[in-house]
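One letter stands for each residue in the lines below.
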Amino acid sequence: MTTRFREPKTLAQLAMLVGGQVHGDPSYSVTGVATLMAATKNDLSFLTNGSYRPALETTQAGAVILSQEDQAASNTNAIISDNPHAAYAKVATLCVPQHNNPDGEIAQTAVIHATAQVHPSAVIGEFVVVGAHAKIGAGTVIHSACSIGDSVHIGDNCLIYPHVTLYHEVVLGNQVIVHANTVIGSDGFGFAFDKASWIKVPQLGSVRIGNDVEIGAHTTIDRGAIDDTIIEQGVKIDNQVQIAHNVVIGAYTVVAGTAAFAGSAKIGRYCLIGGGATFAGHITVCDQVQIAGMTTVTRSISKPGVYSSGTGMMPATQWRKSVVHFRNLDEIVKRIRKLEEQGPHD
Amino acid sequence: MTTRFREPKTLAQLAMLVGGQVHGDPSYSVTGVATLMAATKNDLSFLTNGSYRPALETTQAGAVILSQEDQAASNTNAIISDNPHAAYAKVATLCVPQHNNPDGEIAQTAVIHATAQVHPSAVIGEFVVVGAHAKIGAGTVIHSACSIGDSVHIGDNCLIYPHVTLYHEVVLGNQVIVHANTVIGSDGFGFAFDKASWIKVPQLGSVRIGNDVEIGAHTTIDRGAIDDTIIEQGVKIDNQVQIAHNVVIGAYTVVAGTAAFAGSAKIGRYCLIGGGATFAGHITVCDQVQIAGMTTVTRSISKPGVYSSGTGMMPATQWRKSVVHFRNLDEIVKRIRKLEEQGPHD
Amino acid sequence: MTTRFREPKTLAQLAMLVGGQVHGDPSYSVTGVATLMAATKNDLSFLTNGSYRPALETTQAGAVILSQEDQAASNTNAIISDNPHAAYAKVATLCVPQHNNPDGEIAQTAVIHATAQVHPSAVIGEFVVVGAHAKIGAGTVIHSACSIGDSVHIGDNCLIYPHVTLYHEVVLGNQVIVHANTVIGSDGFGFAFDKASWIKVPQLGSVRIGNDVEIGAHTTIDRGAIDDTIIEQGVKIDNQVQIAHNVVIGAYTVVAGTAAFAGSAKIGRYCLIGGGATFAGHITVCDQVQIAGMTTVTRSISKPGVYSSGTGMMPATQWRKSVVHFRNLDEIVKRIRKLEEQGPHD
Numbered sequence: 001m002t003t004r005f006r007e008p009k010t011l012a013q014l015a016m017l018v019g020g021q022v023h024g025d026p027s028y029s030v031t032g033v034a035t036l037m038a039a040t041k042n043d044l045s046f047l048t049n050g051s052y053r054p055a056l057e058t059t060q061a062g063a064v065i066l067s068q069e070d071q072a073a074s075n076t077n078a079i080i081s082d083n084p085h086a087a088y089a090k091v092a093t094l095c096v097p098q099h100n101n102p103d104g105e106i107a108q109t110a111v112i113h114a115t116a117q118v119h120p121s122a123v124i125g126e127f128v129v130v131g132a133h134a135k136i137g138a139g140t141v142i143h144s145a146c147s148i149g150d151s152v153h154i155g156d157n158c159l160i161y162p163h164v165t166l167y168h169e170v171v172l173g174n175q176v177i178v179h180a181n182t183v184i185g186s187d188g189f190g191f192a193f194d195k196a197s198w199i200k201v202p203q204l205g206s207v208r209i210g211n212d213v214e215i216g217a218h219t220t221i222d223r224g225a226i227d228d229t230i231i232e233q234g235v236k237i238d239n240q241v242q243i244a245h246n247v248v249i250g251a252y253t254v255v256a257g258t259a260a261f262a263g264s265a266k267i268g269r270y271c272l273i274g275g276g277a278t279f280a281g282h283i284t285v286c287d288q289v290q291i292a293g294m295t296t297v298t299r300s301i302s303k304p305g306v307y308s309s310g311t312g313m314m315p316a317t318q319w320r321k322s323v324v325h326f327r328n329l330d331e332i333v334k335r336i337r338k339l340e341e342q343g344p345h346d
Numbered sequence: 001m002t003t004r005f006r007e008p009k010t011l012a013q014l015a016m017l018v019g020g021q022v023h024g025d026p027s028y029s030v031t032g033v034a035t036l037m038a039a040t041k042n043d044l045s046f047l048t049n050g051s052y053r054p055a056l057e058t059t060q061a062g063a064v065i066l067s068q069e070d071q072a073a074s075n076t077n078a079i080i081s082d083n084p085h086a087a088y089a090k091v092a093t094l095c096v097p098q099h100n101n102p103d104g105e106i107a108q109t110a111v112i113h114a115t116a117q118v119h120p121s122a123v124i125g126e127f128v129v130v131g132a133h134a135k136i137g138a139g140t141v142i143h144s145a146c147s148i149g150d151s152v153h154i155g156d157n158c159l160i161y162p163h164v165t166l167y168h169e170v171v172l173g174n175q176v177i178v179h180a181n182t183v184i185g186s187d188g189f190g191f192a193f194d195k196a197s198w199i200k201v202p203q204l205g206s207v208r209i210g211n212d213v214e215i216g217a218h219t220t221i222d223r224g225a226i227d228d229t230i231i232e233q234g235v236k237i238d239n240q241v242q243i244a245h246n247v248v249i250g251a252y253t254v255v256a257g258t259a260a261f262a263g264s265a266k267i268g269r270y271c272l273i274g275g276g277a278t279f280a281g282h283i284t285v286c287d288q289v290q291i292a293g294m295t296t297v298t299r300s301i302s303k304p305g306v307y308s309s310g311t312g313m314m315p316a317t318q319w320r321k322s323v324v325h326f327r328n329l330d331e332i333v334k335r336i337r338k339l340e341e342q343g344p345h346d
Numbered sequence: 001m002t003t004r005f006r007e008p009k010t011l012a013q014l015a016m017l018v019g020g021q022v023h024g025d026p027s028y029s030v031t032g033v034a035t036l037m038a039a040t041k042n043d044l045s046f047l048t049n050g051s052y053r054p055a056l057e058t059t060q061a062g063a064v065i066l067s068q069e070d071q072a073a074s075n076t077n078a079i080i081s082d083n084p085h086a087a088y089a090k091v092a093t094l095c096v097p098q099h100n101n102p103d104g105e106i107a108q109t110a111v112i113h114a115t116a117q118v119h120p121s122a123v124i125g126e127f128v129v130v131g132a133h134a135k136i137g138a139g140t141v142i143h144s145a146c147s148i149g150d151s152v153h154i155g156d157n158c159l160i161y162p163h164v165t166l167y168h169e170v171v172l173g174n175q176v177i178v179h180a181n182t183v184i185g186s187d188g189f190g191f192a193f194d195k196a197s198w199i200k201v202p203q204l205g206s207v208r209i210g211n212d213v214e215i216g217a218h219t220t221i222d223r224g225a226i227d228d229t230i231i232e233q234g235v236k237i238d239n240q241v242q243i244a245h246n247v248v249i250g251a252y253t254v255v256a257g258t259a260a261f262a263g264s265a266k267i268g269r270y271c272l273i274g275g276g277a278t279f280a281g282h283i284t285v286c287d288q289v290q291i292a293g294m295t296t297v298t299r300s301i302s303k304p305g306v307y308s309s310g311t312g313m314m315p316a317t318q319w320r321k322s323v324v325h326f327r328n329l330d331e332i333v334k335r336i337r338k339l340e341e342q343g344p345h346d
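Protein chains in written order, with the working numbering: chain A, 1 to 346; chain B, 1 to 346; chain C, 1 to 346.
Don't read these hints as lab results, they were simulated from the structure.
Incorrect hints may have been included.
Stated by the list, open to error - Pairwise CB distance ranges (calculated):
| id | chain 1 | residue 1 | chain 2 | residue 2 | range |
| --- | --- | --- | --- | --- | --- |
| 1 | C | Gln21 | A | Lys338 | 43 to 49 Å |
| 2 | C | Gln117 | A | Gln318 | 58 to 64 Å |
| 3 | A | Val306 | B | Ser121 | 55 to 61 Å |
| 4 | C | Glu69 | B | Leu272 | 53 to 59 Å |
| 5 | A | Gln68 | B | Ser121 | 35 to 41 Å |
| 6 | B | Asp25 | C | Ser121 | 52 to 58 Å |
| 7 | B | Gly343 | C | Pro304 | 44 to 50 Å |
| 8 | B | Lys338 | C | Asp287 | 44 to 50 Å |
| 9 | C | Arg6 | A | Asp82 | 55 to 61 Å |
| 10 | A | Asp82 | B | Arg335 | 45 to 51 Å |
| 11 | B | Arg320 | A | Lys195 | 27 to 33 Å |
| 12 | B | Ser300 | C | Phe193 | 24 to 30 Å |
| 13 | C | Glu69 | B | Arg320 | 25 to 31 Å |
| 14 | B | Lys41 | C | Leu272 | 40 to 46 Å |
Every residue, glycine too, gets a C-beta built ideally from N, C-alpha and C.
Whole structure, please, built from the sequences with the hints as guidance.
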């Protein structure tokens, strides 16, 4: 079980950890975390999403992390927090298993170039390849079968999961997490049409990833054409995201799964990008923009706010009718104009 | 050629295999399978998609698998089946090359933890890493360069293609197929905003995959936040599908390529999910729902049926006009209301 | 720095390379390439995208590649070309670092089957697995940790990046580039419903890739059901593209990131497929068709031109109103018809 603390904790200890207040018995002891629906009296639970509020009445949890305003509806011990979601995150961290590789362990099967600089405290897994002039920082853990290209620089305390490919010269900051099979630094998609075929435009830039960035599994981030592709600090990127050459993603922006950014799109700071949202090339999005899932962003956005596209889902029989009319909207509007021109008769 | 049987088969033999009846010469012998367009007199062909019915008249096939009702239009030997598609599947299985690894072969380069339990009949390919306390069942074949995390349990007769990553504690049932480079058990996408940045919400659940599930290449299935992400038995998932934390996909549901499911979406049994369809988080879809390709499912569905979204494709010049009107639909409807209020004059 | 030539070049030398004319000083020497915004007097820059024309006035570049018509607006040395984009591509190629593996180097960790034929000049990286009866052509470079299946044929001068999986019998032409973690030859998605569950339809075809094809990272190309999946010569495919079984992509067509093609779609030659565009199965698209990004192509296209779908992006508050009306379009059109029937009163 990974949802148990390594040792039982009292509510007083946990409240101190998260900067909250205990309501009820501070000496009450819990052994792990669970959802409101699954919790037993030995568990600490939490309310961070309003849609689960009804479960507060029926939960068997020994204690619950919640906001001051939700506390009234709870009849169990509680840790009251201004930010229950962040408080839960801090508590749950106590349940994360420690990696069992001793610091500085290098797998015997790893192939590390003689010119690479691996910090003595870094951990390198089985079948990892580290290229010439690469640098790997203190406390960084590279899981099995990663390919680290020539002159790649990885900062301190990074965590790189299996089968990640970092092409030559890619730069990662500190505390960067990259999930399995992700590719960073592949060639941008650049071709020039010449007579009857396409010739490759060499992709001479690289990719720079800031501190505290997390990148999901199966994400692709292409190297820049000349300048670099840039992911600024604190950005969080989900799985299967495609980031083309020379994109810039501003600090602390969050990108949900399967989103895609065409070349040279510049995204601001503190944006929230929904799943499957797709951005045209060479556009600019300002800070604090929220893009709904599956939105097609075809032009620049200069005003913070929420943006959407699409038709919403419908039963297919009704949808087919609406689509026919959508096709004919220009004709429909002309019919309205004609009616208006006929005007009220008098 | 992989479309040949290992030895010639008579129509009588094949009809018995598929539970069908021979029309024509039961002793007629065929050596493999081919499409109606490509077949020669040595081939068995099939009609499983009505749009290829015209090819029945011109095919050179020695025999054809088809339904009773299509038999009238055929002038060659036939195997008549209530379910020609399933019958073809059974026949084609005779053409699949046998893997040439003897049972129980463990590649010398594989790195298997001393505490892992690998069944004596399992096959482990080159450069595979198997973590501590992992279990691998009878007859399971793991192709080269897979990373099997600590405490992963893989059932019997599974087939895992190269470069698959299974994170710690992931559980696979029996007869599960996982195609190349797929990732199962990566962290769900959970962050809590705290002051001016995002802190990671540890993902403490795992992923459980039922019996007889097939998962395509480059698919990602995230581990649950606390509870597990669940793929029930008999589910078939195509390539490049994204399944977020705590999604549940009900038994025998089929998911086409590039579909995506946001966190905690619950999908019913026997659903058909079209390619590129995307599901919002925390919604519920009942059994036997069919979602058209590229549909954005933004709310729960409680009634079986077919659902769609989108505008359909148009020539871009016409499309641009419709889009302008779509933007102005609210104004357009107001104009209609005004005309209605003016009413017929009398 | 990868944006430097290996040695300085005069404009005369570079103009000869690209088939252009020097405007200004032919003996002027440059040491690398840079964008108009970043260039110094030692750099050659270029104008290939009209939106960057204003930068021509302020650039510090020592020389610029541009068209005859843009030359008037430039006040620096220039290389005038009929096709500045192709000219830039040729110049930038001088900046690409040479791979530092000597021809014919086979990593000691590679596992190559005794029956495989590897050309003496091919380069094989660490942890590569090459299957039985595979053939690898002259000058081809296979980076670390690729899995090359049984009977795969790879032509001459190909470049295969890390963690690529080629399933058995896949055929690649000459000068093919495949980026990291891409999968070619996985099973097509074929299942027949039989009683209450799905049985697998064996995928007996393979994949054939023509000469001069480039395939991005994380792309999946499934093997055919019986016939092969075919990518014709000169096709360029971006990252995270999904190509299902028996798709044919015609010569010199370009496919941007995250596009997806369902089974048996046939795409013509010289098409331009935008990012995220999705194609239904069994449709045919003629030559020289341009599909806008995120378009859902649900039927065949027989006329060259530009095609689109979707609603365009809007502020969410306005969008919600339009979506409600879209749902009701059939009723709206009936209201218009009623108004028309009431007619002008006279």
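task: Give me the numbers of the hints this structure contradicts, sorted from smallest to largest.
output: Of the numbered hints, 1 and 5 do not hold.
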